[in-house]
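A.B. asks: As a plain string of letters, each chain reads:
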Amino acid sequence: AQSVTQLGSHVSVSEGALVLLRCNYSSSVPPYLFWYVQYPNQGLQLLLKYTTGATLVKGINGFEAEFKKSETSFHLTKPSAHMSDAAEYFCAVSDRKDSSYKLIFGSGTRLLVRP
Amino acid sequence: GAVVSQHPSWVICKSGTSVKIECRSLDFQATTMFWYRQFPKQSLMLMATSNEGSKATYEQGVEKDKFLINHASLTLSTLTVTSAHPEDSSFYICSARGTSGRATGELFFGEGSRLTVL
Numbered sequence: 004a005q006s007v008t009q010l011g012s013h014v015s016v017s018e019g020a021l022v023l024l025r026c027n028y029s030s031s032v033p034p035y036l037f038w039y040v041q042y043p044n045q046g047l048q049l050l051l052k053y054t055t056g057a058t059l060v061k062g063i064n065g066f067e068a069e070f071k072k073s074e075t076s077f078h079l080t081k082p083s084a085h086m087s088d089a090a091e092y093f094c095a096v097s098d099r100k101d102s103s104y105k106l107i108f109g110s111g112t113r114l115l116v117r118p
Numbered sequence: 118g119a120v121v122s123q124h125p126s127w128v129i130c131k132s133g134t135s136v137k138i139e140c141r142s143l144d145f146q147a148t149t150m151f152w153y154r155q156f157p158k159q160s161l162m163l164m165a166t167s168n169e170g171s172k173a174t175y176e177q178g179v180e181k182d183k184f185l186i187n188h189a190s191l192t193l194s195t196l197t198v199t200s201a202h203p204e205d206s207s208f209y210i211c212s213a214r215g216t217s218g219r220a221t222g223e224l225f226f227g228e229g230s231r232l233t234v235l
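As they're listed, the protein sequences go chains A and B.
The first sequence lines up with residues 4 to 118 when you count with the numbering used here.
The second sequence lines up with residues 118 to 235 when you count with the numbering used here.
Simulated from the structure, these hints should not be mistaken for lab results.
Cβ atoms here follow ideal geometry from the backbone N, Cα and C, with glycine treated the same way.
The list that follows gives simulated cross-link-like pairs (lysine-lysine, PhoX-like), each with its CA atoms no further than 25 angstroms apart:
1. 105/A - 172/B
2. 100/A - 172/B
3. 105/A - 183/B
4. 105/A - 137/B
5. 52/A - 158/B
6. 105/A - 71/A
7. 158/B - 105/A
8. 131/B - 158/B
9. 105/A - 181/B
From chain A, some residues computed to sit far from chain B (all C-beta separations above 12 angstroms):
10. 17
11. 22
12. 23
13. 27
14. 29
15. 33
16. 53
17. 56
18. 58
19. 64
20. 65
21. 67
22. 71
23. 72
24. 78
25. 100
Please put together the full structure from these sequences, using the hints given.
C.D. replies: Here you go:
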C-alpha cells in the first residue's frame, strides 16, 4: 500500500531564509506526487505536482520540488520564506495504477516564519 | 479556476441528530468525489470515494451506515453524518475530480466543513 512520510511536524525559519520541507514515499513504482498548502479553517490548495517528465517541478508562490527516485523523495523548497508562507503543508501520493485519483496524505508539516 | 463549494462551512448540532454536508462542483462535472476528515492538527484521512450514480466505496474502518454518501448528479455529492456524537466532531473536506473541459483529470478541494457535535 502507498504511504508517505513527512519528517518534522513543525519547521521554523526566519523570514528570507530557505524553506525545506521533507517528503518521502514508499512504493516500488513511483507514484504521482503532490504538495498542498492549507491555511487555518480552509481547504487545500495545490502548490505543485509531479506526474512525469522533468524531475524539478516549479509551483505557485515560488515553491519548487524535486523528485528523486533513488531517494524516494519529493522535498519542497523555497529560496526565501515570506511571512505569508506560514501554513500547514501536506505531501500526497496517488498510485499510478489507480485511475480513481485517490490521494494519500502525509501527516503534514506546519511551517512557522519568524520575522 | 475550477471551484468546489462545500455547505455549510460551519455546523453545530446536538448529539443524536443527523447532519448533511454538500459538496458541489460549480463550473465542471465530476463523476468522482472524495470525502476526507481531518482532526485538529492532524492530516486528512480518506473516508470514501463517491461515484456518480453508484454506491460509494468506503475505506477500511469507516462505517457506511454512519456516514451516508450520495452522489446523485455530476456536480453534487452529499455526506450525511447520522446520529452524530461528539466524537464525530471534525473538519470534513471534499475533493472533486474534473471530467469536463479544462478541469478534466484535475482534482479540486472544497473549503471544508467544520462539524461540532454537542
